[in-house]
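Visitor: Protein sequence lines correspond, in order, to chains A and B. Going by this note's numbering, the first residue of the first sequence is number 51, and it counts up by one from there. Going by this note's numbering, the first residue of the second sequence is number 26, and it counts up by one from there.
Hints in this document: simulated from the structure, not taken from any laboratory. Note that CB positions come from ideal geometry on N, CA and C, so glycine has one too. Honestly, I wouldn't trust all of these hints.
When the alpha-carbon atoms are kept at most 16 angstroms apart in a straight line, the in silico EDC-like pairs for lysine to aspartate or glutamate are as follows [to be verified]:
#1 A/K324 with B/D79
#2 A/K324 with B/D97
#3 A/K262 with B/D97
#4 A/K125 with A/D209
#5 B/K154 with A/D157
#6 A/K53 with A/E124
#7 A/K55 with A/D157
#8 A/K324 with B/D71
#9 A/K55 with A/E83
Facing chain A, according to a computed beta carbon distance under 8 angstroms, are these residues of chain B, among others [to be verified]:
#10 Q69
#11 P70
#12 L107
#13 L108
#14 Q115
#15 K130
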Amino acid sequence: MPKPKVAFYWCASCGGCEEAIVDLNEDILKVVELVDIVFWPCAMDFKYSDVRKMKDNEITVAFINGAIRNDEQEKMVRLLREKAQLVIAFGSCSQLGGIPGLANFWDRETIFESSYGKNCPSVDNPKRIFPQTKSKVPEGELTLPAFHNTVRSLDQVIDVDYYIPGCAPPPYLTMKAIGVILSGELPEKGTVLAPEKTLCDECSRNDSKPEKISIKEIKRISEVIVDSKKCFLAEGVICMGPVTRSGCTEEGDGKCISANMPCRGCFGPPPEVKDVGGKMVSALASIVGLEGEENMSDEDAEKLINQIVDPAGYFYRFSLPTSLLRRKRMSNLVKGEK
Amino acid sequence: MNTKAIIFCCNWSVYPGLLLSEDTTVEPDPEYKIIVNMCSGRLQPDLILEALKDSAWGVMIAACPPEECEHDGNYKAKRRVLLLKRVLEQFGIEPQRLKLEWIDKGESVKFKKAISDFIDELKELGPIKKLEIN
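All chains, full assembly: derive it from the sequences and hints.
Guide: This is the structure we're talking about:
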């Protein structure tokens, strides 16, 4: 019997998800024994034409990481969808939009202006030469993929079968997912292949948590050193643990938490949460200024809430494109344009 | 659809009085819809976001005035609204589209006036820009 065929592809991502595959270490040899890797441009030499030549459904499973922010990525994932029986959104960017998804607070024009124009102090570009999808050179015409105004998650572009969360996904979850797929006993379509509890539920710092948390002052992690046994929220440091899925380590405790950093939310919401930001507004505003709330003036409540710097950026750090509101409303977005 | 405002109000304070004060022979105003909840402190911000995403021009929360809520939910609602307004602003949505009003039991007249003033403010702002993403 021929081995199942596996493809890996990257879109708008940092390369960390590719590293996460390499981080399987010796286990990757077990994977290679069981499957044929038929496409992995980051690690091996493949061309678009190699994929185009494949028959529909020829690939057993395609792991796609990264968000979708340009035409090349969109075309490629549509092609992979035709050729693959199963598509897995691999990592936060693919599942939720991820860090590149924060671009949805801007649009193409403002991003280009920050990268190539007057809003980039380190760029000297008096002729204002900006990327073009087509440019004529003596040798002929050069093309670049069109850059979209709005970053999308993978499932906002193609049908996705399963999700593996994380920035980047931990190797144990990847191995588990490969095991499940090879076993043929597939879970329900749309399943996030990770635990369902929140990180707070699993956190080893729970014991230190007072019965009622009340934050008197918001502190940024760069400003304080938090006792490595104490709950971040109880210390006034914003931690996304209450609204984030657990599973970033096999043992349950958070990876960032173990390094004495608050959770940033890369695993995305647990199943019952519709909008991470909305839930975090609820969770955080409930405990900020809780003690003595009945005597707090409107002005003092506002001052305390305003200590939270960049709330939307913080709460939707990994999930802006898949949030309920999806992006900033801007006047120059043209109807029908990506 | 003519509905411009979604009004959340508490089942245990202002809503029963409002019902009694309404003339059932008159068609309800299509410009707003009231959603009854169990306490302003129970209102999840996702519901507000959902209303604004779908078609509402604005959302008003009628909460019991300070010291009047049996569960102290109104203080939480106040802080959530303050924070959510800042989040909305970052999404390019005018924070005035979200309003918290203190309305006590039996203040149906004040409540109706607050709603109609809010709808006037929303009409000045117009609808929220619709997203067109393929």
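Visitor: All hints, please: hold or fail.
Guide: Going through the hints against the structure:
1. For a cut-off of 16 angstroms, the pair hint linking A/K324 to B/D79 stands: about 15 angstroms separates their Cα positions.
2. Distance check on the hinted pair: A/K324 and B/D97 sit about 25 angstroms apart at the alpha-carbon level, beyond 16 angstroms; violated.
3. At most 16 angstroms may separate the alpha-carbon atoms for a hinted pair to count; A/K262 and B/D97 meet this at roughly 15 angstroms.
4. Distance check on the hinted pair: A/K125 and A/D209 sit about 14 angstroms apart at the alpha-carbon level, within 16 angstroms; holds.
5. Of the supplied pair hints, the one linking B/K154 and A/D157 holds, its CA atoms being roughly 15 angstroms apart against a limit of 16 angstroms.
6. In summary, the hint linking A/K53 to A/E124 is not supported, as the alpha carbons are separated by about 28 angstroms, beyond the 16 angstroms threshold.
7. With a C-alpha separation of about 38 angstroms, the suggested pairing of A/K55 with A/D157 is violated against the 16 angstroms cut-off.
8. Restraint check: the Cα-Cα separation between A/K324 and B/D71 comes to about 7 angstroms, which is no more than 16 angstroms; the hinted pair holds.
9. Pair hint A/K55 plus A/E83 holds up; C-alpha atoms about 11 angstroms apart against a cutoff of 16 angstroms.
10. Because the beta carbon of B/Q69 sits about 6 angstroms from the nearest beta carbon in chain A, less than 8 angstroms, this interface hint is met.
11. At its closest, the beta carbon of B/P70 sits 4 angstroms from a beta carbon of chain A; the interface hint therefore holds under the 8 angstroms criterion.
12. Look at B/L107: its Cβ gets to within about 4 angstroms of chain A, closer than 8 angstroms, so that hint holds up.
13. Residue-level restraint check for B/L108 holds (minimum Cβ-Cβ distance to chain A is 5 angstroms; threshold 8 angstroms).
14. The beta carbon of B/Q115 is positioned within 8 angstroms of a beta carbon in chain A (closest approach about 4 angstroms), and the interface hint is therefore held.
15. For the restraint placing B/K130 at the interface with chain A, the shortest Cβ-Cβ distance is roughly 19 angstroms, beyond the 8 angstroms limit, so the hint is violated.
When each numbered hint is compared with the structure, violations occur for hints 2, 6, 7 and 15.
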